[in-house]
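Please model the complete structure; the sequences and the hints are all you need to start from.
Protein chains in written order, with the numbering used here: chain A, 1 to 414; chain B, 1 to 414.
Hints in this document: simulated from the structure, not taken from any laboratory.
Since the list can't tell identical chains apart, any single copy or any two copies may satisfy a pair.
Lysine to any residue pairs mimicking SDA-like chemistry, simulated, CA-CA at most 25 Å apart: (1) Lys183 / Val220; (2) Lys213 / Pro111; (3) Lys340 / Gly317; (4) Lys141 / Asp61; (5) Lys289 / Pro214; (6) Lys171 / Trp14; (7) Lys165 / Glu254; (8) Lys187 / Arg106; (9) Lys226 / Val252; (10) Lys363 / Gly292; (11) Lys105 / Ala212; (12) Lys213 / Thr20; (13) Lys144 / Gln51.
Protein chains: 2
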Amino acid sequence: MRAEIVSVGSELLWGKTIDTNSSYLGRILQECGIELLRKSTVADRLEEIVQALRESVSRADIVITVGGLGPTSDDLTREAISSATGNPLIFKEELAERIREHFRKRGVEMPEVNLKQAYLPEGALAIDNRVGTAPGFILEKESKCIIALPGPPSELIPMVEEVVKPYLEEKNPEEVIIQRTLKVVGKGESWVEEAIQDLMAPQGNPSLAPFAKPAEVHLVITARGKKEIVKKMIEEVETKVRERLGEDIFGVDEEELEGVVGEMLRDRGLTLAVAESCTGGLLGYRITKIPGSSDYFLGGVISYANEVKRDILGVNGEDLRRYGAVSEEVARQMAEGVRKLIRADLGVGITGIAGPTGGTSEKPVGLVYIALATPEETICQRNVFPGDREIVRWRSSQTALDMVRRWLIKHPKE
Amino acid sequence: MRAEIVSVGSELLWGKTIDTNSSYLGRILQECGIELLRKSTVADRLEEIVQALRESVSRADIVITVGGLGPTSDDLTREAISSATGNPLIFKEELAERIREHFRKRGVEMPEVNLKQAYLPEGALAIDNRVGTAPGFILEKESKCIIALPGPPSELIPMVEEVVKPYLEEKNPEEVIIQRTLKVVGKGESWVEEAIQDLMAPQGNPSLAPFAKPAEVHLVITARGKKEIVKKMIEEVETKVRERLGEDIFGVDEEELEGVVGEMLRDRGLTLAVAESCTGGLLGYRITKIPGSSDYFLGGVISYANEVKRDILGVNGEDLRRYGAVSEEVARQMAEGVRKLIRADLGVGITGIAGPTGGTSEKPVGLVYIALATPEETICQRNVFPGDREIVRWRSSQTALDMVRRWLIKHPKE
Chain A
1 MRAEIVSVGS ELLWGKTIDT NSSYLGRILQ ECGIELLRKS TVADRLEEIV
51 QALRESVSRA DIVITVGGLG PTSDDLTREA ISSATGNPLI FKEELAERIR
101 EHFRKRGVEM PEVNLKQAYL PEGALAIDNR VGTAPGFILE KESKCIIALP
151 GPPSELIPMV EEVVKPYLEE KNPEEVIIQR TLKVVGKGES WVEEAIQDLM
201 APQGNPSLAP FAKPAEVHLV ITARGKKEIV KKMIEEVETK VRERLGEDIF
251 GVDEEELEGV VGEMLRDRGL TLAVAESCTG GLLGYRITKI PGSSDYFLGG
301 VISYANEVKR DILGVNGEDL RRYGAVSEEV ARQMAEGVRK LIRADLGVGI
351 TGIAGPTGGT SEKPVGLVYI ALATPEETIC QRNVFPGDRE IVRWRSSQTA
401 LDMVRRWLIK HPKE
Chain B
1 MRAEIVSVGS ELLWGKTIDT NSSYLGRILQ ECGIELLRKS TVADRLEEIV
51 QALRESVSRA DIVITVGGLG PTSDDLTREA ISSATGNPLI FKEELAERIR
101 EHFRKRGVEM PEVNLKQAYL PEGALAIDNR VGTAPGFILE KESKCIIALP
151 GPPSELIPMV EEVVKPYLEE KNPEEVIIQR TLKVVGKGES WVEEAIQDLM
201 APQGNPSLAP FAKPAEVHLV ITARGKKEIV KKMIEEVETK VRERLGEDIF
251 GVDEEELEGV VGEMLRDRGL TLAVAESCTG GLLGYRITKI PGSSDYFLGG
301 VISYANEVKR DILGVNGEDL RRYGAVSEEV ARQMAEGVRK LIRADLGVGI
351 TGIAGPTGGT SEKPVGLVYI ALATPEETIC QRNVFPGDRE IVRWRSSQTA
401 LDMVRRWLIK HPKE
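Listed below in structure tokens is the structure:
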């Protein structure tokens with residue numbers, strides 16, 4: 001079973017808005033065992049949308065449109081679907097009533113333009129929108145199916161979860177496609193590829209393919225088949241990959257490094273504090289993305305200026321002068337200083353040159369020292385990261401989290 | 001002149017990778033006065049790519065393909081363009097030599113598979129790739145033009161800047177499309193729309209359309225016409241919008257709030273320090289995104305735990321107990337405390353409930369107090385931000401920066 005997505009909106013073509021809906025729908029379709037083979041993005045022009053729809057319907061069994069269901073003259077998807085299928089738009093009193101109700105609840109009178117949203121192509125089944133005013137709909141015609149959804153993710157996602165996904169699962173009950181992503185940190189893409197060279201099968205079933213991310217490598221295993229067997233297919237590949245990569249794999253699927261490290265800290269009852277120079281707060285920001293991180297994260301010091309390193313973290317002024325702010329000595333003292341200052345079990349110190357300026361031949365842009373102070377010892381890693389300012393900062397936060405992770409693996413719960 | 005983009009790559013359909021290239025190319029095409037009307041994303045399958053290419057070529061004058069130029073069996077764009085146009089692939093010894101050279105420089109022998117990248121469709125003009133091994137190319141045929149570019153942005157962007165953009169400008173020397181984005185902060189979308197209702201012209205020339213971003217509203221002015229007149233068309237609309245919105249507009253186009261505030265601080269010779277609780281380092285991270293921010297940003301304290309607020313920032317323990325960590329009193333003392341501790345001219349304090357848990361009926365999720373301590377006074381703003389944890393944190397950092405900005409406007413350079 002083949003599906004295509006037609007995204008409507010000039011702002012998507014201009015790149016003013018990143019189209020996260022398509023990625024989301026791609027995943028949902030995959031979970032339903034439906035192959036997504038094309039995604040078209042078209043400008044807000046009736047003739048363009050109609051043409052794209054006709055082409056997609058001719059190729060695919062299922063066409064999902066995203067956007068263009070609003071009340072303004074820019075919103076043309078309803079008209080385009082009517083025109084592409086030949087099904088006239090019909091006024092639905094029950095939809096009009098729901099839209100009026102939506103405004104009543106907010107104590108506002110419904111603008112007349114919103115009545116436009118009460119029209120559906122003949123034969124279409126409305127999908128209720130609990131968040132906004134635009135109903136979606138499903139239109140079946142001659143063994144094909146068009147599903148129209150509004151653009152805002154906060155409206156689209158509940159409609160997909162509650163109506164569209166169950167509908168698609170029923171359409172295609174036999175075969176499913178399942179993916180599992182194994183996430184690797186602390187090793188480069190070429191190293192990872194070499195380690196699993198003989199297991200790679202980009203086109204096989206199950207398939208295994210690597211994707212390089214900044215300071216992570218993702219290994220995606222995909223299996224297609226009957227529900228009962230795909231899980232086993234995935235597990236077999238996963239076991240083999242894990243044998244090769246061991247603790248270089250930090251998590252799977254949606255897991256993030258900051259969440260994995262947080263769980264490990266919580267599990268061991270340990271607390272963490274950070275001292276950040278070149279990352280300027282990024283590490284703390286990432287750690288506190290996780291709800292409940294206050295259980296193990298106490299806080300930190302953004303020691304951007306040298307005076308902050310010296311006066312608040314207690315870095316030795318003489319060492320700052322002799323070795324420079326970007327040095328192993330200073331990184332170690334930052335980690336130890338913040339650990340002591342904030343009375344945490346573990347302290348991290350990061351100092352480096354993120355660029356684009358400030359590098360010398362001896363201390364190039366990308367040079368970052370990262371230290372971890374623990375109750376037993378302080379360890380420090382010297383890195384020269386490639387990439388621009390933001391990539392260097394990201395890699396620094398990533399490496400710091402990975403140092404904590406690998407230390408925690410060696411110090412399991414007692 | 002019409003253009004379409006064909007992006008090749010299953011990972012783009014799965015949503016594992018966000019397609020920033022298309023947005024970038026959309027902007028470049030627009031600057032060259034070429035209308036981008038469709039963007040298709042196709043799986044790594046030869047027949048899919050060929051079909052998408054044929055369709056795009058039939059509709060558009062210029063078709064840009066992105067991706068699929070690598071050396072592996074997955075990379076099929078070269079073959080697809082050859083098949084769609086009927087121009088056979090020809091081996092180019094000079095390209096092979098360049099690719100061998102690329103590997104020689106890194107001290108590595110060229111894998112045989114890379115020779116694939118030395119083939120081009122007959123009649124194509126190679127575009128040199130200074131970063132990677134995949135050359136791009138331009139193929140003109142029967143008044144149409146196909147431009148093939150590699151997927152990694154670090155390879156694509158230099159090729160576009162150096163070859164593709166000048167080529168397109170020459171193709172379409174008459175008409176240009178220019179956009180200018182005015183960025184508003186501190187006011188909601190509906191407020192902004194109401195203020196400029198009568199100036200709005202989503203379909204006009206020049207057009208004016210609003211786009212809501214988290215804690216920002218972007219007003220995009222677009223003008224199409226001869227080079228000499230479009231700039232003036234944009235300026236006329238901009239002047240009218242600025243008359244209405246004044247200092248609610250913080251910047252234009254690529255300007256970011258953290259950069260604008262940084263410039264103002266630098267201009268006035270003032271320094272800043274931050275005390276962050278619920279944002280966990282986000283504000284510091286954003287401020288230090290700007291190269292050279294060490295000129296005005298000294299550092300800060302991530303006071304996630306109450307003990308850090310009390311012992312390091314000097315927040316009164318009694319007040320913490322009486323009013324709670326999320327209170328105006330604590331925000332003020334955080335701002336004043338960090339200003340004093342770090343000896344900065346300005347201090348910011350942020351304390352709030354980012355959620356998803358921790359809210360009460362009296363102090364709901366989204367309640368954030370933000371204080372700004374200055375040499376003259378401390379001001380504090382109580383906010384109840386809508387949205388999830390990340391949106392609340394983003395809005396908090398945004399509002400903090402805007403408070404600094406508005407205070408600096410009132411305190412111009414002496």
